[in-house]
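**Q** Sequence:
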Amino acid sequence: MDLSQLPAFALTSLLIELTPGPNMAWLALLAATEGRRLGYAVVAGVCLGLSLIGLLAALGLAALLQAQPLAYQALRWAGVAYLLWIAWDTWRGADSHEGGAEPGASAFAQFRRGLITNLLNPKAAVFYVTVLPGFLSPTARFAEVSTLSFTFVAVATLIHGGIVTAAGTAAGWLAQGDRVRLTRRIMALALVAVALWLFTRT
1 MDLSQLPAFA
11 LTSLLIELTP
21 GPNMAWLALL
31 AATEGRRLGY
41 AVVAGVCLGL
51 SLIGLLAALG
61 LAALLQAQPL
71 AYQALRWAGV
81 AYLLWIAWDT
91 WRGADSHEGG
101 AEPGASAFAQ
111 FRRGLITNLL
121 NPKAAVFYVT
131 VLPGFLSPTA
141 RFAEVSTLSF
151 TFVAVATLIH
161 GGIVTAAGTA
171 AGWLAQGDRV
181 RLTRRIMALA
191 LVAVALWLFT
201 RT
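Read the sequence shown against the working numbering and you will find it ends at 202, with the numbers running on by one and no gaps.
Because the hints were derived from the structure by calculation, they are not lab data.
Each hint should be verified, as a subset may be incorrect.
Stated by the list, open to error - Derived DEER-like restraints, expressed as beta-carbon distance ranges:
(1) Ala81 x Thr165: 25 to 35 Å
(2) Arg92 x Phe142: 40 to 50 Å
(3) Leu52 x Pro7: 17 to 27 Å
(4) Leu18 x Thr200: 19 to 29 Å
(5) Trp85 x Thr139: 38 to 48 Å
(6) Arg112 x Gln68: 19 to 29 Å
(7) Ala81 x Ala10: 25 to 35 Å
Virtual Cβ for every residue (Gly too), placed ideally from N, Cα, C.
All chains, please: the whole structure from these sequences, using the hints.
**A** Dropping the structure here:
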């Protein structure tokens with residue numbers, strides 16, 4: 001297994017993940033609104049989702065999506081619909097749960113959202129086709145593809161966790177007065193922006 005390109009791939013993954021995008025805004029607003037605990041739950045879901053996609057990509061899923069445009073579009077539309085549903089649920093919850101997040105199952109609910117959102121994001125799978133191949137050796141096998149895939153997952157998880165950690169410091173201040181309602185509605189609009197971003201990608 002040739003891993004001579006691993007440092008370069010890790011740096012490329014870092015630069016890609018540091019590029020501002022709607023997902024960053026979603027994570028930041030969630031952590032600032034609900035606190036770090038629920039933000040980390042989403043990060044865990046995203047991590048698992050990216051890991052599963054990385055595994056499937058190593059087994060040929062990404063190539064299949066590129067070869068089957070209808071399958072790619074169906075997955076993309078499912079992701080858009082799911083994000084819009086979360087946005088509506090968040091907007092509606094701005095009035096019904098002003099005192100904070102629901103206890104108990106909230107962390108699992110956010111974990112599930114992070115997981116499903118990434119599983120329904122075809123761009124995550126296509127990444128392994130458009131970027132990763134340039135760093136593989138000519139005789140690359142499953143072990144090499146998997147190692148690079150999970151390197152990307154590790155880098156993405158560190159970036160996402162850092163965003164949650166930084167944004168979570170504002171949770172106490174935002175929990176005062178009407179700021180909860182306002183920030184949750186901002187988060188709902190940010191989720192709509194994520195959905196529109198995914199919709200406009202080809």
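**Q** Each of the hints needs a verdict: does it hold here or not?
**A** These are the hints, each one checked on the structure:
Under the hint 25 to 35 Å, the C-beta atoms of Ala81 and Thr165, about 31 Å apart, fit the expected range. Range check, Arg92 to Phe142: Cβ separation about 45 Å, and the 40 to 50 Å hint holds. Range check, Leu52 to Pro7: Cβ separation about 25 Å, and the 17 to 27 Å hint holds. Leu18 and Thr200 have their C-beta atoms about 22 Å apart, which keeps the hinted 19 to 29 Å range intact.
Checked against the hint of 38 to 48 Å, the C-beta distance between Trp85 and Thr139 comes to roughly 44 Å, which is consistent with it. Restraint check, Arg112 to Gln68: a C-beta distance of roughly 27 Å satisfies the suggested window 19 to 29 Å. In this structure the hint that Ala81 and Ala10 lie 25 to 35 Å apart at CB holds, the actual value being about 34 Å.
In this structure, none of the earlier numbered hints is contradicted; all agree with it.
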